[in-house]
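Protein chains: 2
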Amino acid sequence: MKKLTCLQFFAALVFATMAQAADSLPSWNDGLAKQSIIAFVAKTTTHGSPDFVPLAERIATFDNDGCLWAEQPMYFQAFFIFDRIVALAPQHPEWKTQEPFDSVLKGDVTAALAGGERALLEMAMATHAGMTTVEFAKIVDDWITTARHPVTKRLYAEMVYQPMIEVLAYLRDNGFKTYIVSGGGIEFMRPWAERVYGIPSEQVIGSSIKTKVEMRDGQPVLVRLPEINFIDDKEGKVIGINQHIGRRPIAAFGNSDGDLQMLQWTAAGSGPRFCLYVHHTDGEREWAYDRTSHIGKLDKGLDEAVAKGWTVADMKRDWKIVFRHQ
Amino acid sequence: MKKLTCLQFFAALVFATMAQAADSLPSWNDGLAKQSIIAFVAKTTTHGSPDFVPLAERIATFDNDGCLWAEQPMYFQAFFIFDRIVALAPQHPEWKTQEPFDSVLKGDVTAALAGGERALLEMAMATHAGMTTVEFAKIVDDWITTARHPVTKRLYAEMVYQPMIEVLAYLRDNGFKTYIVSGGGIEFMRPWAERVYGIPSEQVIGSSIKTKVEMRDGQPVLVRLPEINFIDDKEGKVIGINQHIGRRPIAAFGNSDGDLQMLQWTAAGSGPRFCLYVHHTDGEREWAYDRTSHIGKLDKGLDEAVAKGWTVADMKRDWKIVFRHQ
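If you're matching them up, the sequences are chains A and B in order.
Quick note: the first sequence uses my numbering, first residue 1, plus one each step.
Quick note: the second sequence uses my numbering, first residue 327, plus one each step.
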């Protein structure tokens, strides 16, 4: 058998991997974004490649809102909060004369959110605490399988980005552990993350409230408390990754400035690195927003992506479909 | 082929598994403890068994100090703290006139610990904070590969219990994910847990201090702060398991009352459950202590183990060897 030069070997490798990956990323248009993903996986997973990464170090982290599923016109967890307020209202007659609950019950979300973060936090605590972890998981699971998005009328779990689902599976097929690292609630994502994304509970990192152990009928239960434990956003994503994983990802995916620190942290490691920003450019199939958006603002991150040569996935240009139902 | 009755099937299964497991747990004497481990693994991992547990749910949690490695005459992390104080003393001339540091530098550990938890915490913060996470990992790694136990003169990583190493490997060979859930520092265990126990960083849960992100030379680093973040002991073990894993273990291993809540939490789930207490009964090969010990006190837990029928591994009776070097 003829010996190949190193360059021939690598060219053959990328070609073979491209051919194989063509089936793995069918919702991606051919282009730089798709090629960069495939090239990164090829060089990090092929024995003999100078950039080969051992299995244990193949860690990839993904933001959730706006990266794996949509986040417009509002974070989906906010809709969950509003739906819970409506569901719990009969047990809280006092809410009828108490903002921001009163406005939610009247269907006036804008007024409810006029109180800013404080109001949202108050509503989050009123709906996310006071029950056991098992009870809360059941509430989330019931909601995710029945509630529908106000604009598309689809189940929220149908509002996930098909091209990103393919990236998750493609990475896992190549020995990567895929993690969610989200500003959203850790216990809000876990009940459905495995079913929808193939990501098990222990690979979900998010914001959390405190819990305490109580004995009920001689058995311990974990009760959710109305007190912030951890905010997994911006610098918090780096802290959360270190706390949960204890090693630096080699690949990170985000869509907003809130993910910038996670991407910087990932890029700052030695050896091969991959950072990708999903850029919301498709106002027809999804929503178009970036530098001035109140949700998922992507401004500094976009500049840094260009400066550092990170991959930017332009939803309009790079994705054949956004959602599976399209 | 002759059809087997259900009982015949299960008997054949346990027999076959026993034969196979005989090689997996060679440091365990035949007896109830060993049999209970093998029977649990057999029934939870064999398709067709009424107690079969899917791969994703095979979570086993292990305390570290006194369960996977020794904890006498003091928690090994305390020796690390003292060694660090000696190493750092040249940069801290003020310690010569400042308790508890002065006593440590004079080699008087008893006097250093006279200040109780407050003194220990002060020493922990002085030695565990003020550097980046990468720097701290390097410090721990240097220590664990060179420092020696004051009584046995062995490396601390040689003070691990060989029978428990076998249980870890046996469970993993049968599809379990093995976790450490320790009151010890999460970042103190991670640098060597994979090498010594085969447990990767992301499966280590422990106590932690806070960290913050700083930019140095345009790159983010995580700096360790002298502030408690989480104490992973007693109820904290349940909270830590829920936070990191997000599902209930089906097997839990401990050795003290500090592990009781973890075992209760594990036992309280539905389906097959396994709880094991390591009982320190061997004053010759290791140390003998339980109900009145200041370290690794096992009192309520021992009563509950008997009452609930949990497995108690009697080190003297059940273990052929304690350490590999015996």
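Hints are supplied without guarantee of correctness; some may be wrong.
Unchecked claim - DEER-style ranges, computed between Cβ atoms:
id, chain 1, residue 1, chain 2, residue 2, range
1, B, L447, A, A111, 46 to 52 Å
2, B, K642, A, L155, 54 to 60 Å
3, A, R324, B, G357, 37 to 43 Å
4, B, R480, A, I295, 55 to 61 Å
What the hints assert, rightly or not - Dumping the calculated DSSO-like pairs for lysine-lysine here, alpha-carbon to alpha-carbon at most 30 Å:
id, chain 1, residue 1, chain 2, residue 2
5, A, K210, B, K623
6, B, K642, B, K369
7, B, K536, A, K297
Hints are computed from structural coordinates only; laboratory data are not their basis.
By construction, the Cβ of each residue, glycine as well, lies at the ideal position given by its N, Cα and C atoms.
The hints, checked one at a time:
no., hint, verdict
1, B:L447 / A:A111: 46 to 52 Å, "holds (48 Å)"
2, B:K642 / A:L155: 54 to 60 Å, "holds (59 Å)"
3, A:R324 / B:G357: 37 to 43 Å, "violated (55 Å)"
4, B:R480 / A:I295: 55 to 61 Å, "holds (57 Å)"
5, A:K210 / B:K623, "holds (28 Å)"
6, B:K642 / B:K369, "holds (28 Å)"
7, B:K536 / A:K297, "holds (28 Å)"
Comparing the model with each numbered hint stated earlier shows that hint 3 is the single one that does not hold.
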